[in-house]
Amino acid sequence: MTTILTPNPDAGIAQTPVRRCGFGPAWLLPTAGVGVLVAAVTLPWLINAYLISLATTALVMAVLAMSAQLLAGLPGLAPLGQAAYLVVGAYTAASVATLTGLGPVQLLAAAAAGAVAAAVTGVLAVRARGTTFLMVTFGLGELVHAAANQWAPGGSEGIHTPPVVALPGLPAMVRPGWVYLYVLACTLLIGAAVAVVVRTRFAWLLRGIAAHEPRVQAAGQHTGRLLLAAYTIAGGIAGAAGALAIADTRYVSPADAAMGVSALALAAALIGSGSMAGACAGAVLLVAARDWVGGLLGGHGPTLLGLAFLLLAYLPRHRLAGLTTRFPRRRR
Amino acid sequence: MGLAGLVNPYTITALDGVAYGLLLFTIAAGLTLIVGVAGVLSMAHGTLYLAGAYLAWYLADGGWAGLALALAGAVVVGAFGGAGLAAAVRPLTDRPLDQVLATLGVAYIAADQFSTVFGAEPRSVDPPRALAGSVSLGDYQYPVYRLGFIAVGVLLVVGLFWFVERSRVGAVVRAVVADPGMAAASGLRTGLVRTGVLVGGGVLAVTAGVLGAPVIGPSPGVDTTILVYSLIVCVVGGLGSIRGALLAALGVGQILTLGVALVPGAAAFLLAAAMLAALTIRQRTALPGRPA
Numbered sequence: 009m010t011t012i013l014t015p016n017p018d019a020g021i022a023q024t025p026v027r028r029c030g031f032g033p034a035w036l037l038p039t040a041g042v043g044v045l046v047a048a049v050t051l052p053w054l055i056n057a058y059l060i061s062l063a064t065t066a067l068v069m070a071v072l073a074m075s076a077q078l079l080a081g082l083p084g085l086a087p088l089g090q091a092a093y094l095v096v097g098a099y100t101a102a103s104v105a106t107l108t109g110l111g112p113v114q115l116l117a118a119a120a121a122g123a124v125a126a127a128v129t130g131v132l133a134v135r136a137r138g139t140t141f142l143m144v145t146f147g148l149g150e151l152v153h154a155a156a157n158q159w160a161p162g163g164s165e166g167i168h169t170p171p172v173v174a175l176p177g178l179p180a181m182v183r184p185g186w187v188y189l190y191v192l193a194c195t196l197l198i199g200a201a202v203a204v205v206v207r208t209r210f211a212w213l214l215r216g217i218a219a220h221e222p223r224v225q226a227a228g229q230h231t232g233r234l235l236l237a238a239y240t241i242a243g244g245i246a247g248a249a250g251a252l253a254i255a256d257t258r259y260v261s262p263a264d265a266a267m268g269v270s271a272l273a274l275a276a277a278l279i280g281s282g283s284m285a286g287a288c289a290g291a292v293l294l295v296a297a298r299d300w301v302g303g304l305l306g307g308h309g310p311t312l313l314g315l316a317f318l319l320l321a322y323l324p325r326h327r328l329a330g331l332t333t334r335f336p337r338r339r340r
Numbered sequence: 358m359g360l361a362g363l364v365n366p367y368t369i370t371a372l373d374g375v376a377y378g379l380l381l382f383t384i385a386a387g388l389t390l391i392v393g394v395a396g397v398l399s400m401a402h403g404t405l406y407l408a409g410a411y412l413a414w415y416l417a418d419g420g421w422a423g424l425a426l427a428l429a430g431a432v433v434v435g436a437f438g439g440a441g442l443a444a445a446v447r448p449l450t451d452r453p454l455d456q457v458l459a460t461l462g463v464a465y466i467a468a469d470q471f472s473t474v475f476g477a478e479p480r481s482v483d484p485p486r487a488l489a490g491s492v493s494l495g496d497y498q499y500p501v502y503r504l505g506f507i508a509v510g511v512l513l514v515v516g517l518f519w520f521v522e523r524s525r526v527g528a529v530v531r532a533v534v535a536d537p538g539m540a541a542a543s544g545l546r547t548g549l550v551r552t553g554v555l556v557g558g559g560v561l562a563v564t565a566g567v568l569g570a571p572v573i574g575p576s577p578g579v580d581t582t583i584l585v586y587s588l589i590v591c592v593v594g595g596l597g598s599i600r601g602a603l604l605a606a607l608g609v610g611q612i613l614t615l616g617v618a619l620v621p622g623a624a625a626f627l628l629a630a631a632m633l634a635a636l637t638i639r640q641r642t643a644l645p646g647r648p649a
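If you read the sequences in order, they're chains Y and A. Mapping of the first sequence onto our numbering: residues 9 to 340, in sequence order. Mapping of the second sequence onto our numbering: residues 358 to 649, in sequence order.
Short derived list, chain A residues pointing at chain Y, Cβ under 10 Å: (1) Leu454; (2) Val463; (3) Ile466; (4) Leu588; (5) Ile589.
Everything labelled a hint here was simulated from the structure, so no lab data went into it. Bear in mind that the values here come from a model prediction, so they are computed numbers and not experimental data. We put the CB at the ideal spot given by N, CA and C, even for glycine.
Please model the entire structure based on the sequences and the hints provided.
See below:
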């Protein structure tokens with residue numbers, strides 16, 4: 009019953025368009041990955057505290073971009089409300105922080121709360137497809153934003169949280185370098201979990217929904233449930249990003265649920281055009297454009313972000329994507 | 358007997374809700390046609406409202422001349438804004454996500470420029486002096502401007518209904534909503550209709566901004582608020598349906614005023630429930646969206 013879709017795994021994989029960098033020799037990609045990792049770990053010793061805190065923000069947005077990519081890249085449904093689950097996670101982590109300063113506990117609680125919130129609201133979202141999905145998720149995100157203003161502790165002022173403790177016995181992290189390394193470690197863990205998820209059969213079914221939903225339905229799959237599961241996982245990842253945001257800024261307010269955050273995550277996912285690493289790179293690029301270049305130019309971050317969106321819309325990404333999808337995936 | 362009994366805090370709030378709903382209808386009618394006809398989800402629609410509101414604030418002089426000047430300016434700004442958006446999304450036909458990104462980019466740039474030019478604090482706009490007072494309804498005072506706005510809103514509703522459902526141009530617009538391919542095959546110039554709808558929607562949104570400025574004044578963030586409510590109206594009312602938009606806008610207006618007065622803090626949940634109900638009911642009749 010459940011093996012109908014994959015009569016011949018190799019043929020199925022070869023035909024499915026997978027965004028994958030097909031340029032250069034085979035050793036290039038792992039080498040580049042190791043290089044990025046080494047650079048990311050040594051970063052706190054190389055740059056000043058301001059840039060380190062920007063890098064931490066970029067990592068939080070990278071996690072949120074992975075959450076958006078799970079929906080935009082796999083089943084092809086672009087979400088514009090992921091910041092809502094980030095805020096749900098952040099407020100949960102802030103509540104847990106009054107009981108324990110332990111970061112991993114906050115992370116797990118936030119992920120669980122984000123997943124629950126996504127499961128509840130996802131019932132609504134997965135009824136829509138295409139542009140309507142975007143509109144509904146946008147509406148949901150803004151409604152959570154409005155509800156947070158009214159119901160959340162601290163109101164529109166937000167609440168401050170104590171510094172996070174990475175592991176039992178360690179001192180609380182106050183210096184931005186340690187916070188950065190903690191967030192980096194959590195991001196890598198979440199990234200590894202996401203990398204496992206996108207290689208499961210579940211992820212292939214989601215890709216199938218993007219390609220032709222009626223056919224997946226005809227194969228006996230309940231696409232609504234699959235999408236709800238994907239939406240829930242994405243909400244959990246976004247909630248985890250909320251806990252990381254708390255560790256970063258030690259502050260949460262309803263403004264974190266603003267459209268700008270969701271839009272940045274979606275744009276980063278679109279820059280990644282289907283790949284998780286690409287989404288993370290896109291998030292880093294967009295945060296750098298908004299906060300770093302915006303800071304250099306005296307605070308026109310939104311204009312720069314808008315220009316980045318326009319650029320992204322008009323670049324012939326589809327032709328570029330076509331270039332990279334032509335190469336079949338290497339056999340694992 | 359009837360009138361005095363009718364006037365209580367709830368009916369006054371409900372009257373506010375009617376004004377709010379008509380304002381939302383004026384904005385969302387343009388958006389629902391833009392989405393339904395041109396297939397463009399314009400994220401810059403709230404920006405057009407905000408532009409109109411700032412226009413009203415800039416030109417308001419307490420008399421009729423300022424309002425007339427602002428309305429004339431609204432037509433110009435709306436037409437140029439709509440035409441600009443149409444030109445911006447033309448190269449992106451059949452790429453809805455890129456259209457969203459492009460209009461979102463425009464909205465971001467405009468919002469940043471607005472707060473640079475007009476400052477970050479909220480501005481309050483006074484209506485013309487002739488409409489500035491309030492009348493007594495029973496034991497309550499009600500602003501004359503809101504009553505006037507309701508009257509103008511009803512006129513706009515009637516005009517839009519006549520235009521979309523009775524006039525020849527409206528028939529062409531509805532034909533493009535129903536079946537763009539068939540409309541093009543029978544010789545209708547769909548490209549022109551798409552541009553026209555974007556221009557018309559832009560003029561409506563900026564005009565709503567000028568008229569609505571004393572109700573929802575210009576401040577940073579208003580563009581997003583207006584965009585959210587008009588998108589909810591579009592989702593609940595069905596894309597491209599002007600009747601649906603009217604019903605949904607009046608309903609959302611009541612939720613945001615009477616609903617807030619009756620059950621404080623429940624507006625968000627009520628709106629989400631309305632969207633859920635609309636999507637559930639509509640899903641039975643048609644597949645939501647087409648496969649890409």
